[in-house]
Amino acid sequence: MELQKLIYTVENGVAIVTMNYMKNLNAIDEQMADELMYVVDAAEKDPNVKVLVLKGSDRAFSAGGDIGYFYQLIQAGGEVNMDGLIAKVGIVADGLKKMSKMVITSVCGAAAGAGVSLALGGDFMICADNAKFILAFVNIGLVPDTGATYLLSKAIGVSRTMELAATGRPLGADEAKALGLAYKVTTPEELDEVTMKFARKLAAGPLLSYKNIKKQIYDANYSDYKQWLDNTEIPTQRECAASMDFQEGCKAFIEKRKAVFEGK
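Numbering (the working numbering), first residue to last: 207 to 470.
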């Protein structure tokens, strides 16, 4: 596959996936999702890959969904159907957790919406002190997707997950570390060096042990993950995406005004 929105390299056993479409701050559309599915599968099958690193740019990890695209569809009177996109990112989300190799997510700047989910999708998250995590879905009348509520509920509990999902408030790097979501916090300038140093350490470690530790944790905690993504996440997002509140949320976001939701 020709990659247009990602850069994929393998260096000394470490596969580096860089989201590289800053035109919309690495928003995840179907093309980005297709490319992510491809590289996750390629890294899993490549015997030369021992560790996977997923990163964005120094400006942003990922802004989540492409609200501008949704806005254009709404203005043109078209239907916004996210089922295909959500199914694809669900394959990516489950693939990262199921992967036999260790996965590190390296986060600088904003991770919003589905970008939060991708950041949480690895086994270790290393972030810069300017990282900001925002479950912004509720601000446009949607529900979290790409596994966010599933992963967060298991990591920080139901009450904290409800707070972040229902309020959409930003979560900073230090709080993410305090909650156990981030493995390490460093400066933006040192993020790449710290990430790669840790990646190389893992790549030189007992890979068979790592593989089976991941399998134990997956089977204990995520065995129903794909089923939940298909049977809960897609239908709930479908209902929200068909609502007038979603249309109002998108319009308000693009038009830079406060949304007036009516629960319809």
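One thing to keep in mind: the hints can contain errors.
To be verified - Simulated pairs of lysine-lysine, PhoX-like, Cα-Cα distance not exceeding 25 Å:
| # | residue 1 | residue 2 |
| --- | --- | --- |
| 1 | K304 | K229 |
| 2 | K383 | K251 |
| 3 | K304 | K432 |
| 4 | K251 | K338 |
| 5 | K294 | K403 |
| 6 | K432 | K360 |
| 7 | K403 | K417 |
| 8 | K432 | K462 |
| 9 | K464 | K304 |
| 10 | K417 | K304 |
| 11 | K294 | K421 |
Said to hold, decoys possible - Derived DEER-like restraints, expressed as beta-carbon distance ranges:
| # | residue 1 | residue 2 | range |
| --- | --- | --- | --- |
| 12 | M228 | G363 | 30 to 38 Å |
| 13 | S359 | R406 | 29 to 37 Å |
| 14 | K417 | N287 | 20 to 28 Å |
Simulated from the structure, these hints should not be mistaken for laboratory data.
Quick caveat, the model's predicted, so the values are computed rather than measured.
Glycine included, each C-beta is placed from N, C-alpha and C at the ideal position.
Status of the hints after comparison with the structure:
1. K304 with K229: violated, 31 Å
2. K383 with K251: Distance of about 32 Å is beyond 25 Å: violated.
3. K304 with K432: Within the cut-off at roughly 10 Å; holds.
4. K251 with K338: Answer violated: K251 to K338 is near 33 Å, above 25 Å.
5. K294 with K403: violated, 31 Å
6. K432 with K360: holds, 15 Å
7. K403 with K417: The hint holds at about 20 Å.
8. K432 with K462: Roughly 36 Å separates the two Cα atoms, so the pair is violated.
9. K464 with K304: violated, 40 Å
10. K417 with K304: Judged against 25 Å, a Cα distance of about 10 Å means the pair holds.
11. K294 with K421: holds, 22 Å
12. M228 with G363: 30 to 38 Å: Because 35 Å falls inside the window, the suggested range holds.
13. S359 with R406: 29 to 37 Å: holds, 33 Å
14. K417 with N287: 20 to 28 Å: violated, 37 Å
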